[in-house]
Amino acid sequence: MGVIDYIQAGVLAVFQGPQAFEILGIPVSVTVIMVAAGLLVGIVIGATPGLGQVIGLAISLPILISVFGYTPDALLPVMGFMIGIMKGSTVGGAVPAILFNTPGTPDSYMTTLDGYPMTRNGQAGRALRVAHFSSVSGDTFSDICLFVFAPFLAILVERYMDLPEKTALVILSLSFIATVVGRSPAKGLLSMALGLFFVFLGTGEEFYPRLTLGISLLSEGIPTTAAVVGVLVIGSIFSELEKLRRQKKADGGIQNPQQAGRSRLTVPDIRRIRPYIARSALIGTSIGALPGIGSTLAATLGYAAGAAAYRKRKQLSDPDFGEGVPEGVAATEAANSSVTGANLIPVLSLGIPGNTAAVFLILAADSIGGFSPGPSVFRFTQDVNPELVIAFGLFTTMVIANLLNWTVGGVFMRSMGMMARAPKQYLLPAVLLLTFASLYVQHTHMAVIGFALFFGVLGFVMVRTGISPLPFVVAFVLGRQLEATARQAFAATGGDPFFLVSSPLGVLFISAAVAVVVITARRRHHSAPS
Amino acid sequence: MRLSQNQFLGILCLLFGGLLILVWAPLDSGNWYVVQVRGKYSIGDSMAPAFAGAIFLVSGLMMLFGPQNDDEPAPDRSDVTFIFGILATIVVGLVIMRFGGPAAAAVLGLEYRPLRDSVPWKFLGFGLGGFYMVATLVAFVEGRLTWRAMATGIGAVLLIIVLYDLPFEDLLLPPNGDV
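Taken in order, these protein sequences are the chains called A and B.
If you're matching positions, the first sequence starts at 204 in the working numbering and goes up one per residue.
If you're matching positions, the second sequence starts at 1115 in the working numbering and goes up one per residue.
Okay, chain A solo, but in the shape it has when bound (with noise of 0.2 Å):
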């Protein structure tokens, strides 16, 4: 099969695939529906004040398998919905940031600055209008630069690399995801460290359970969902519910933001804010395919863009950023969003999850199986290669995403205001027992909830000693990949000690793994505060 026909293979997967129903007798696929519930579904998490598309993906995945099973058929619909979440979450959170001056999701925090004021100034539907029309088009920017990267760096990733490259490989990527994200490489190193020692618990070759002490209870490991979310979603509900109490105590009450007015979005404001969408898309797009690198500081790389260029525009008598100006909502929105596509190349290229929401996708394949994001997904193989047509649905699945939300997302999305008034005080306990219960059927163990509540600790306790909990996640995923690769790699050498280093390729990669935590350490050090 050629190129051609692999992308048409993708295409009819989605297509013609499972059907849903028929609309005057066309038939419509369940891939189709579940990409568009997806986005829905996404919209109100991103909408809603302290959930989040973690949250979101967390409580779907045992839910959609349950519905789905384990076949192959399954893979498109799950996928689909979950891409369908990441996509409308990172939409629905400009409401919030918009119309209440509360951040529905981190990155929207940067959307605030000029999304507030424009409510307060009457122009609330306005800036909703930008903010979406900037977020699809920031995102649909990032998707195509996903269909054209990540099957061509696969393919030189299978070319040129041997088992002792690619162990090489996941090494950098641990230590740039460590060093890079949170304030202290240090900390990041110690999250991996974390990470890599939970995920070795009660594993390995040999019939000994390692490292348990003797407790049965860890003879098989810790389940990796259990983990993810206990350290991502039980962490930041126990961190926002430490919040509020603290407001409570502060205040004596705790604050629930009030409604604000609106007004339309005109075709020259389009033409204003269009080079600010598109530096903020180049941004937001370069520092997605980094893994690690999330939407937050795209947002606040492409804010201060735009604020540059503005300033050089700009009347004596016009607002400046932070004063209410659209230029400012569009250049963090379409920077944020045009992370969410780019971040998929390091998943579907290398095997590598970039960020949160590409744990989610590899949770989802591993649980329904028959698809092993990575490069050996991009083989152009003469016989049908089943994961390849998978990944050219996906890409399918992302277009329609992508369609829908230019069309539905935006008249859903502004309608969207009252979920920011939902009381996080109320919501947040419901979203903990939820989360428990979902865990639970997946497993079926009460096993699972304590080891979910420990993590769930260890997150809460990450974030207020300032320790990022995305490396801990990505080591924990890819933990297991890398012993294996390091123990084929050695064997496959002879028993070579310095088989890391024995290629010109991975000298590099192991030299830039040392390089960018010294480095990254001593810009930090330059940096710091006396």
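Treat each hint with caution, since some may be false.
[What the hints assert, rightly or not] Which bits of chain A does chain B cover? Going by a derived footprint, with three or more residues having C-beta under 8 Å, they are:
#, stretch
1, 388 to 397
2, 660 to 667
[To be verified] Straight line, CA to CA, 20 Å or less: simulated EDC-like cross-link-like pairs of lysine to aspartate or glutamate:
#, chain 1, residue 1, chain 2, residue 2
3, A, Lys446, B, Asp1193
4, A, Lys515, A, Glu526
5, A, Lys515, A, Asp454
6, B, Lys1154, A, Asp699
[To be verified] FRET-style restraints, in silico, Cβ to Cβ:
#, chain 1, residue 1, chain 2, residue 2, range
7, A, Pro589, B, Gly1291, 31 to 37 Å
8, A, Ile229, B, Leu1273, 32 to 38 Å
9, A, Tyr273, B, Asp1190, 43 to 49 Å
10, B, Asp1284, A, Gly573, 17 to 23 Å
11, B, Gly1291, A, Ile229, 41 to 47 Å
12, B, Asp1284, A, Leu606, 31 to 37 Å
13, B, Leu1273, A, Arg516, 48 to 54 Å
14, A, Tyr363, B, Leu1141, 38 to 44 Å
15, A, Thr610, B, Ala1220, 55 to 61 Å
16, B, Asp1190, A, Pro230, 56 to 62 Å
17, B, Arg1116, A, Arg386, 20 to 26 Å
18, A, Arg362, B, Asp1190, 50 to 56 Å
19, A, Glu225, B, Leu1273, 29 to 35 Å
20, B, Asp1284, A, Pro522, 53 to 59 Å
Bear in mind the hints are in silico, worked out from the structure with no lab data behind them.
Backbone N, C-alpha and C fix where the C-beta goes; we use that ideal spot for every residue, glycine too.
Keeping the supplied structure of chain A fixed, place chain B upon it in accordance with the hints.
Just chain B, lined up with the frame of chain A:
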């Protein structure tokens, strides 16, 4: 000399990393760092934990000798009170969830296992424990127990039953997979 929070954390990392590499990994794994099988060397089960231990060491050294900021976030007494309070609430909720149904059945002289797939038994433990957990957590954050907190508890339990149990016959709510 007074240690900063980072330096304290760094020393803990060094101690844990050293313990992991030198004692825990080799003594509590199936074999050592490298093993020889039929004349060929291969990586043993101790190697991966030792690699994690090495990263603990690097991280510890960087924290011990790196820049020390006074504004590093650190947990305070309020965090400790909060986490113990929230843990106590959740653990009590989970205990009610796990033993609520079997205890109620025992009071009536019945065995829970044959009843666990029938209404209302299959919802009893989850309902009681879930309601307690949600209502008490809301009360813990707000500093008082309100009708809204209790309504949230009931609403959350009903929502989850509607979401997981009613549409799916094969999904088990806690604790019905354990009992």
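Taking the hints in turn, this is what the structure says about them:
{"no.": "1", "hint": "388 to 397", "verdict": "holds (count 7)"}
{"no.": "2", "hint": "660 to 667", "verdict": "holds (count 4)"}
{"no.": "3", "hint": "A:Lys446 / B:Asp1193", "verdict": "holds (10 Å)"}
{"no.": "4", "hint": "A:Lys515 / A:Glu526", "verdict": "holds (16 Å)"}
{"no.": "5", "hint": "A:Lys515 / A:Asp454", "verdict": "violated (42 Å)"}
{"no.": "6", "hint": "B:Lys1154 / A:Asp699", "verdict": "holds (11 Å)"}
{"no.": "7", "hint": "A:Pro589 / B:Gly1291: 31 to 37 Å", "verdict": "holds (33 Å)"}
{"no.": "8", "hint": "A:Ile229 / B:Leu1273: 32 to 38 Å", "verdict": "holds (35 Å)"}
{"no.": "9", "hint": "A:Tyr273 / B:Asp1190: 43 to 49 Å", "verdict": "holds (46 Å)"}
{"no.": "10", "hint": "B:Asp1284 / A:Gly573: 17 to 23 Å", "verdict": "holds (21 Å)"}
{"no.": "11", "hint": "B:Gly1291 / A:Ile229: 41 to 47 Å", "verdict": "holds (42 Å)"}
{"no.": "12", "hint": "B:Asp1284 / A:Leu606: 31 to 37 Å", "verdict": "holds (35 Å)"}
{"no.": "13", "hint": "B:Leu1273 / A:Arg516: 48 to 54 Å", "verdict": "holds (50 Å)"}
{"no.": "14", "hint": "A:Tyr363 / B:Leu1141: 38 to 44 Å", "verdict": "holds (41 Å)"}
{"no.": "15", "hint": "A:Thr610 / B:Ala1220: 55 to 61 Å", "verdict": "holds (58 Å)"}
{"no.": "16", "hint": "B:Asp1190 / A:Pro230: 56 to 62 Å", "verdict": "holds (60 Å)"}
{"no.": "17", "hint": "B:Arg1116 / A:Arg386: 20 to 26 Å", "verdict": "holds (22 Å)"}
{"no.": "18", "hint": "A:Arg362 / B:Asp1190: 50 to 56 Å", "verdict": "holds (54 Å)"}
{"no.": "19", "hint": "A:Glu225 / B:Leu1273: 29 to 35 Å", "verdict": "holds (32 Å)"}
{"no.": "20", "hint": "B:Asp1284 / A:Pro522: 53 to 59 Å", "verdict": "holds (58 Å)"}
Checked against the numbered hints given earlier, this structure breaks only hint 5.
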